[in-house]
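With the hints as extra help, turn the sequences into a complete structure.
In this text, residue positions in the sequence shown follow this note's numbering: the first is 1, and each later residue adds one.
The hints are simulated quantities; they were obtained by calculation from the structure and are not laboratory data. Only a predicted model underlies this, so the values are computations on that prediction, with no experimental measurement involved. Keep in mind that the hints are not guaranteed to be accurate.
To be verified - Simulated restraints, written as ranges between beta carbons of each label pair:
| no. | residue 1 | residue 2 | range |
| --- | --- | --- | --- |
| 1 | Asp140 | Glu207 | 24 to 30 Å |
| 2 | Arg117 | Ala17 | 38 to 44 Å |
| 3 | Ala195 | Gly46 | 19 to 25 Å |
Note that beta-carbon positions come from the ideal geometry of N, C-alpha and C, so glycine has one too.
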Amino acid sequence: MSGRRKVDGGTAALGIAIDRQSPVPLYHQFARQLEQAIESGLLLPGALLGNEIDLAERLGLSRPTVRQGIKALVEKGLLVRRRGVGTQVVHSRVKRPLELTSLYDDLEEAGQAPSTRVIRNDVVPASAEVAAALGVGKGDSVVRLERIRYANGLAVAVLRNHLPTDLLLDLDTRRLEATGLYRLLHGAGVGLHSAHQAIGAGAATAEEGAQLGEPEGAPLLTLRRTAYNAAGQAVEYGTHLYNAARYVFEFQLLMRR
Numbered sequence: 001m002s003g004r005r006k007v008d009g010g011t012a013a014l015g016i017a018i019d020r021q022s023p024v025p026l027y028h029q030f031a032r033q034l035e036q037a038i039e040s041g042l043l044l045p046g047a048l049l050g051n052e053i054d055l056a057e058r059l060g061l062s063r064p065t066v067r068q069g070i071k072a073l074v075e076k077g078l079l080v081r082r083r084g085v086g087t088q089v090v091h092s093r094v095k096r097p098l099e100l101t102s103l104y105d106d107l108e109e110a111g112q113a114p115s116t117r118v119i120r121n122d123v124v125p126a127s128a129e130v131a132a133a134l135g136v137g138k139g140d141s142v143v144r145l146e147r148i149r150y151a152n153g154l155a156v157a158v159l160r161n162h163l164p165t166d167l168l169l170d171l172d173t174r175r176l177e178a179t180g181l182y183r184l185l186h187g188a189g190v191g192l193h194s195a196h197q198a199i200g201a202g203a204a205t206a207e208e209g210a211q212l213g214e215p216e217g218a219p220l221l222t223l224r225r226t227a228y229n230a231a232g233q234a235v236e237y238g239t240h241l242y243n244a245a246r247y248v249f250e251f252q253l254l255m256r257r
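Right under this line is the structure:
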């Protein structure tokens, strides 16, 4: 039996209501309420919406208005149109505050069912970039990790980390796939105190696109982070790639006085 789930009753079951007295355009009202249903979990990944004609009839809207609302969510990466299938919920975006936390823990706390596939777990000579970040000599041995992190079965990030070899003596793949790296560091008595990180943007290579389920050239969020213990020693250097359609960083900004 197919894993796709059709949303019967559609908008009524989701509580979508259109206010025709509001100055907000009708298509935007429809799109925003549908987005909220996806973000809140009322519409799960894989759910099928009714076709545009059915949705328009239920809401008393024109078909072009419904089409425009759906198009807005397709462009956000929340819906996808599939030939022979219809309009389908792809995912809700992972929202993550900018704090020194583990992606695994953040996904778990948000109910996003995190899972991991380890691609690399080995010891390699430190490149100049890694050596500078970790405060070791170029060519010194460091642990190299590369993992794909999933949320509800969908790839959201490629995580590449380097660590000093003496931090985690029992860093096997099975443990890495069962939990997050920061949780393993904490369990080994390695306390994380602070980090320096930079967020940027890039385009997926063919390999990165395949790992994240996106075409070559798809937009990516990039993050470089060096984490330190309370003594100021670098304990981890990460260069991560995030699927921009499924992931967003949230900032809280304060006015400088």
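Hints that the structure is at odds with (numbers, increasing)
3
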